[in-house]
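Novice: Listed here are the chains, written in short residue letters.
Number of protein chains: 6
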Amino acid sequence: MSEDTPTDTTAAETREDRFERGMEVLDRVDGEVGRKVVDSLADVSPELGHQVVAWAFGDIYSRPELAPRDRQLVTLGMLTALGGCEPQLEVHINAALNVGLTPDEVVEALLHASVYCGMPRALNATAVAKKVFATRGTHPKP
Amino acid sequence: MSEDTPTDTTAAETREDRFERGMEVLDRVDGEVGRKVVDSLADVSPELGHQVVAWAFGDIYSRPELAPRDRQLVTLGMLTALGGCEPQLEVHINAALNVGLTPDEVVEALLHASVYCGMPRALNATAVAKKVFATRGTHPKP
Amino acid sequence: MSEDTPTDTTAAETREDRFERGMEVLDRVDGEVGRKVVDSLADVSPELGHQVVAWAFGDIYSRPELAPRDRQLVTLGMLTALGGCEPQLEVHINAALNVGLTPDEVVEALLHASVYCGMPRALNATAVAKKVFATRGTHPKP
Amino acid sequence: MSEDTPTDTTAAETREDRFERGMEVLDRVDGEVGRKVVDSLADVSPELGHQVVAWAFGDIYSRPELAPRDRQLVTLGMLTALGGCEPQLEVHINAALNVGLTPDEVVEALLHASVYCGMPRALNATAVAKKVFATRGTHPKP
Amino acid sequence: MSEDTPTDTTAAETREDRFERGMEVLDRVDGEVGRKVVDSLADVSPELGHQVVAWAFGDIYSRPELAPRDRQLVTLGMLTALGGCEPQLEVHINAALNVGLTPDEVVEALLHASVYCGMPRALNATAVAKKVFATRGTHPKP
Amino acid sequence: MSEDTPTDTTAAETREDRFERGMEVLDRVDGEVGRKVVDSLADVSPELGHQVVAWAFGDIYSRPELAPRDRQLVTLGMLTALGGCEPQLEVHINAALNVGLTPDEVVEALLHASVYCGMPRALNATAVAKKVFATRGTHPKP
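Protein chains in written order, with the UniProt record's numbering: chain A, 1 to 142; chain B, 1 to 142; chain C, 1 to 142; chain D, 1 to 142; chain E, 1 to 142; chain F, 1 to 142.
Hints are computed from structural coordinates only; laboratory data are not their basis.
Treat the hints with care, since some could be wrong.
Pairs count within a copy or across copies, as identical chains cannot be separated in the list.
What the hints assert, rightly or not - Taking lysine-lysine and the PhoX-like style, the derived pairs with C-alpha atoms no more than 25 Å apart in a straight line are: (1) K141 <-> K36; (2) K130 <-> K141; (3) K131 <-> K36; (4) K36 <-> K130; (5) K131 <-> K141.
When you get a sec, could you build the whole thing from the sequences and use the hints?
Specialist: Shown next, in the form of structure tokens:
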């Protein structure tokens, strides 16, 4: 089995390099709330914090094959469907707005979710959106 | 409680009108595979078939607040996260390609899913994408 | 494909007609707590509120093919199995009592759930039942 | 902590007694397909087979606090919501018909599920119902 | 169908015997927090409390085929994957420490979960571990 | 925010280095069936194959903080709970046996799962174990 890499990436990186590369993406996408998640892990599971940054953001989010706003649309769909991910929905509704989705698009994505996940998941996710909009002082068009 | 409707929709519609409006959207988004789903329900649950068309497509998909390709990104995220939705993923990976997402964007969305749903859900969804690409004679860029 | 409708429904309805028809069913089944859910959506996603009322209650709940108490038995099963739906369980344990299920039947349905969903889901749902019973001043027979 | 048992059950039973009591209930509810599930476990996990019979049917299903048809309504809701339980749905759609639910009530319960679990779960469960109806030579009223 | 029992258990037990046998195991594994769960059910669903003790602990946990620490590793995996089981995770991270797993092993099991369930489930479970460690005055090695 | 890494890992690695390191762990744990999964991704999502190897096995599985058999116990719990992961359960029941769990321990772990995930998930996972045991010519003690 040969490894058919989609991008030529021959540069050697240390663990720290990968972490730093991920932090740049994390800051751009999740902003302050993303850092808080990583900080909260420092005394219990610093390795989980490292992997969120170095792997999720450094290796996956950093890829140009999908636009940042498109990644958040997929993410909103997943977090709504999974259920019980209200803390992550709060982070990623913020992220969605950070990378260019409008409050109306976020709300519509969660309405769309009612077709595939049912009303309870859509309602719970929309309650998180309401809270995020209030915190940011934004809202969908009336 | 007053109903604050986001769009002015004062026209009266029959049940059949709503169904026909939905079929136009279903045909545009899901194509032939969507019709097959509805047809398969004719002898067991025609009402479920009606609601998929009249409600999901006629009422929700038809709204202009989210672009068709954006709806499919959210949908791919949800179906991957739910698990056990391989038949629906087949319909909606086709739909995603019908409304303008590229095979590379679909594959990247499912890679992105590994961060939020874990590897098994991402692997199962990618196996469906592989099958759909083969049927359509398309594939991601090498 | 012809649409084989199970009921003859040739009357034309406006969007508002469907909403009003749904509100009557919602009031009967969910009572005050149902209205609160719809009201809470007014400033964030009035369309989701509309669809809960017009579609879920107006189109589905209103059908005579399944008795109201039977719909709540199915609903208790689903909400328990989904997990993370404690707010909806609160609404629907109230609804179950509104449409004629006894506290003992509700508690037994959640015990039955332990066979199919496991103990954690049954325990979480039973904790919601305990809270609803306390609020209503009712309780299972000792 | 004292154990406040809802029924007085002072009779001593052997493990075999409990199994036999469960088999009577299993036969009544699930019929032949239930026995096949237990038989298939004989060479891999006889203890799981024992617990399905002695605990699920002997201890839980046997309780008079919820009617057999009501237990199947809850069960149809749970299995539809869980997803990936098509083999169990097949057993329990048969069970539902065995204990007095009509094909129309089964189909309506699965339509109702679309509100709480979304369309994919409702569609997958309805496909199992279609298969069970065909095997039994029954069907919903046209 | 004959019942091929893996252990010879011919002794007759009353319902109370089984409960007492289960309480011994519950005390050893879950300690005080387990008793609290059962006590909280006394006025709403004493039968669910009975079954948690008599069946889950008396019949399943008591079996020697899997070591207590191994049962907790499986349990941590399940509760993390299910989502929305934070109260049960709190009980079972305590249980894991009670039966000999170290804080480092618990934290690593939850890191491992990120591969199969995705980051949100791993993060939510790790937040519960952080809380349990603080309450017990223990922590992973820095 | 400083990154408090649990292990000192200052060596720089290329993408290919990480992949090779992961392949060694994958071969040891999953054996031939693991390679087949990665190979099947070569033409549809080579990046997902890379991440399974380089991240899941190279970064997570390779850590000494949890024994290989303990990782498989957690994994069996997660895959059983998730549902719809039969292909992954097949890989990991094989893996469990490769790293030292006995067929009896695997079967008992899946029986234990019935307490937390309910009977359907336990039954579906046990059916996969039966198939894996048959392929390997092994079985639990009678």
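Novice: All the hints need checking, so say for each whether the structure fits it.
Specialist: How the hints compare with the structure:
Proximity of K141 to K36 under the C-alpha cut-off of 25 Å is restricted to the inter-copy arrangement: shortest distance 22 Å between copies versus 30 Å within a copy. Only within a single protomer do K130 and K141 lie at most 25 Å apart by alpha-carbon distance; the minimum there is 13 Å, versus 40 Å between protomers. For a Cα distance limit of 25 Å, the shortest separation of K131 from K36 qualifies both inside one copy, at 18 Å, and across copies, at 17 Å. Proximity of K36 to K130 under the C-alpha cut-off of 25 Å is found in both arrangements, the shortest distances being 21 Å within a copy and 15 Å between copies.
Within a single copy, K131 and K141 get their C-alpha atoms as close as 16 Å, which meets the 25 Å cut-off; across copies the closest is 37 Å, which misses it.
This entry satisfies every hint, going by the numbered hints stated previously.
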